[in-house]
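Peer 1: Letter by letter, the chains look like this.
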Amino acid sequence: MSTAVTRDKPRTRTPLKIRGSAGLGLAAWLAGILFFLPIAWMALTSFHSEEDAATNPPSLAASLTLDGYRDFFGAGGGASPWPSLINSTVASVASTLLVLLLALPAAYALSIRPVKKWTDVLFFFLSTKMLPVVAGLLPIYLFAKNTDMLDNIWLLVILYTSMNLPIAVWMMQSFLAEVPVAIIEAAQIDGARLPTILTRVVAPIALPGIAATSLICFIFSWNELLFARVLTGVVAQTAPVFLTGFITSQGLFLAKVCAASLVISLPVLAAGFAAQDKLVQGLSLGAVK
Amino acid sequence: MTATASTPTVAPKTARAPGPKAPGRLRAWATRAPLLPALIFMVVVTQLPFVATLVISFFDWNALYPDARSFAGLDNYSEVLTDPDLRKSVLTTIVLTATVVIASLVIGLGLALLLDRRFRGRGVVRTLLIAPFLLVPVAAALLWKHVLYNPEYGLFNGLLHWVGGDGATQPDWVSNTPLIAIEASLIWQWTPFMMLILLAGLQSRDSELVEAARMDGAGPWQVFRYLTLPHLRRYLELGSLLGSIYIVQNFDAVFTITSGGLGTANLPYTVYQSFYQAHENGLASAAGVLVVIGSLIIATFALRVVSSLFREEASRS
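Those sequence lines, one after another, are chains A and B. Using the UniProt record's numbering, read the first sequence as starting at 1 and increasing by one per residue. Using the UniProt record's numbering, read the second sequence as starting at 1 and increasing by one per residue.
A portion of the hints provided could be inaccurate.
Stated by the list, open to error - For the chain B half of the interface with chain A, some residues (derived, Cβ under 8 Å), not all of them: (1) THR31; (2) ASN62; (3) LEU64; (4) LEU91; (5) ILE94; (6) VAL95; (7) ILE102; (8) VAL106; (9) GLY121; (10) PRO137; (11) HIS161; (12) TRP162; (13) ILE197; (14) ALA200; (15) LEU242; (16) GLY288.
Worth flagging that the hints you see were computed from the coordinates, not collected in a lab. From the three backbone atoms N, C-alpha and C, an ideal C-beta is built for every residue, glycine too.
Could you build the full structure based on these sequences and the hints that come with them?
Peer 2: As structure tokens, then:
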């Protein structure tokens with residue numbers, strides 16, 4: 001990851017400059033530690049017993065235990081998080097696949113063989129992203145209620161698809177646009193048909209971008225709360241909704257809250273760290289390379 | 001909003017000899033076909049519900065009294081616009097969004113400048129800085145509410161205790177400064193995002209130009225003011241646009257940290273509450289429509305910014 005931010009050409013430096021940037025490097029380290037401190041503290045607290053977690057001043061030397069994690073996974077008699085973790089996985093993976101299925105052809109029609117006024121279509125997709133979620137929430141709720149779709153994970157799959165589709169179309173359009181038209185034309189002259197062109201020419205160049213798109217769709221679906229909170233209850237509850245159960249827990253379960261927050265964030269943290277550069281490029285709709 | 005712009009071009013041609021035109025039209029539809037599933041899906045799932053919201057907003061309709069539904073004209077709108085709570089939530093939304101976007105842009109710019117130079121462990125620092133953005137939003141809000149802000153055993157008061165001894169003040173952060181408490185947690189989450197965008201912007205700066213300016217005797221401030229900042233302009237615009245889209249709609253932090261209490265209810269929370277808890281369907285819809293009108297005003301401006309961002313790309317067609 002550090003290779004991407006390293007300049008090709010080393011700068012020549014006077015001794016004074018080196019001392020100056022050592023200080024600035026230290027400042028950067030301090031900032032990084034400061035921003036990470038709450039998460040590190042949460043991780044430490046998750047390994048403390050509930051008594052040690054709730055002391056003031058906080059105890060750094062308290063003995064470590066896995067009780068918080070055991071409690072979270074239901075050993076203490078509380079609700080098991082597994083159904084909600086499975087629901088989140090189903091909703092995120094299924095909606096990501098559906099997004100790919102819809103966005104790939106659309107991006108193809110907007111970049112490789114663009115339709116007329118393709119920028120207008122692209123802006124239509126982005127404009128739907130600016131329509132606040134709450135503006136359509138009530139009709140969706142009423143629709144779900146009247147069709148017995150409330151508390152059904154597949155309703156969330158549909159909604160998460162609509163939430164991520166505009167971003168995915170934008171991202172994939174910019175990734176597919178990187179495929180040189182000349183190569184495609186050369187393949188056509190050689191007599192290659194569309195499926196061959198797509199698998200042999202387009203896919204190898206666009207695949208990293210498609211992977212990044214999928215990752216971002218997965219993260220947004222995994223994180224979503226408002227739809228899940230309004231439209232699911234017991235059966236289709238997702239992991240963030242499960243976490244809201246801790247909102248009012250005063251004091252007693254601090255280690256469990258920390259363990260729960262970390263476990264539920266783990267898929268996103270892992271995915272995000274693995275694709276730091278692609279993440280920015282994707283979130284900025286491909287505008288930042 | 002700006003629906004398929006391509007359809008009108010087909011219509012006039014049907015008047016003239018349809019025979020020879022058919023293959024061309026067929027080809028045009030073949031080009032368009034891959035686009036249709038995504039377009040139709042988006043219109044059905046996002047635009048239709050909004051039209052329904054618009055219709056419901058003209059009815060006096062409480063879900064607890066389904067038989068008492070009646071046409072109310074603009075009553076809901078006048079009620080919404082004169083409701084002090086709702087007016088307050090409009091203001092809260094604006095303050096919350098502006099504060100978080102501006103603060104995280106400024107801090108993110110500072111961090112990006114720090115990370116734009118070589119130093120030992122830069123990759124590690126970058127990874128540490130990204131972490132807050134990757135925490136699930138509800139988890140981040142719970143972290144601030146319970147682990148940091150809690151007046152009895154939170155880290156902030158623990159630190160005050162360490163520094164000041166037993167007599168140290170132990171403020172109740174969320175009760176004393178509820179909106180700032182929410183803003184701080186959101187700034188912590190969004191600063192890394194702004195930092196990443198601005199860092200990408202800095203890396204794309206022409207280093208030759210900076211060297212040349214230095215040769216000509218420009219100081220660090222002059223380089224920043226006249227070279228770096230103008231270059232970063234589009235990246236700053238992009239950051240504020242994307243940040244605004246997400247923070248205007250923030251629900252997770254408001255819901256988790258204060259549950260909309262203590263004057264922190266923003267528009268998404270208010271709309272959620274008026275139909276999910278008060279069951280006032282008509283009122284909630286009117287509020288929702290007003291949110292959309294407000295967003296449209298911002299979006300019109302924002303799309304103009306984006307079109308300038310993508311101008312080079314668009315010239316390709």
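Peer 1: Is the interface hint for HIS161(B) satisfied, with its Cβ closer than 8 Å to some Cβ of chain A?
Peer 2: 4 Å, holds
Peer 1: Minimum Cβ distance from VAL106(B) to chain A below 8 Å?
Peer 2: 13 Å, violated
Peer 1: Under the criterion of a CB-CB separation shorter than 8 Å, is LEU91(B) in contact with chain A as hinted?
Peer 2: 17 Å, violated
Peer 1: Less than 8 Å between beta-carbons is the criterion; does ILE197(B) satisfy it with respect to chain A?
Peer 2: 6 Å, holds
Peer 1: Does the CB of LEU242(B) sit less than 8 Å away from some CB of chain A?
Peer 2: 7 Å, holds
Peer 1: Let's test the interface hint: is any C-beta of chain A closer than 8 Å to that of ALA200(B)?
Peer 2: 4 Å, holds
Peer 1: With a cut-off of 8 Å, does the beta carbon of PRO137(B) approach a beta carbon of chain A closely enough for the hint to hold?
Peer 2: At about 6 Å, which falls below the 8 Å cut-off, the nearest Cβ of chain A leaves the hint on PRO137(B) intact, so it holds.
Peer 1: Restraint: VAL95(B) near chain A, CB-CB cut 8 Å. Satisfied or not?
Peer 2: 17 Å, violated
Peer 1: TRP162(B) was flagged as interface toward chain A. Is the shortest Cβ-Cβ separation under 8 Å?
Peer 2: 5 Å, holds
Peer 1: Can the hint on GLY121(B) be confirmed by a CB-to-CB distance to chain A that is less than 8 Å?
Peer 2: With Cβ-Cβ at 7 Å, under 8 Å, it holds.
Peer 1: Against chain A, run the beta carbon of ILE102(B) and see if the smallest gap drops under 8 Å.
Peer 2: 18 Å, violated
Peer 1: Is the shortest C-beta separation between THR31(B) and chain A less than 8 Å?
Peer 2: 5 Å, holds
Violated hints, in rising order: 2, 3, 4, 5, 6, 7 and 8; the structure is consistent with all others.
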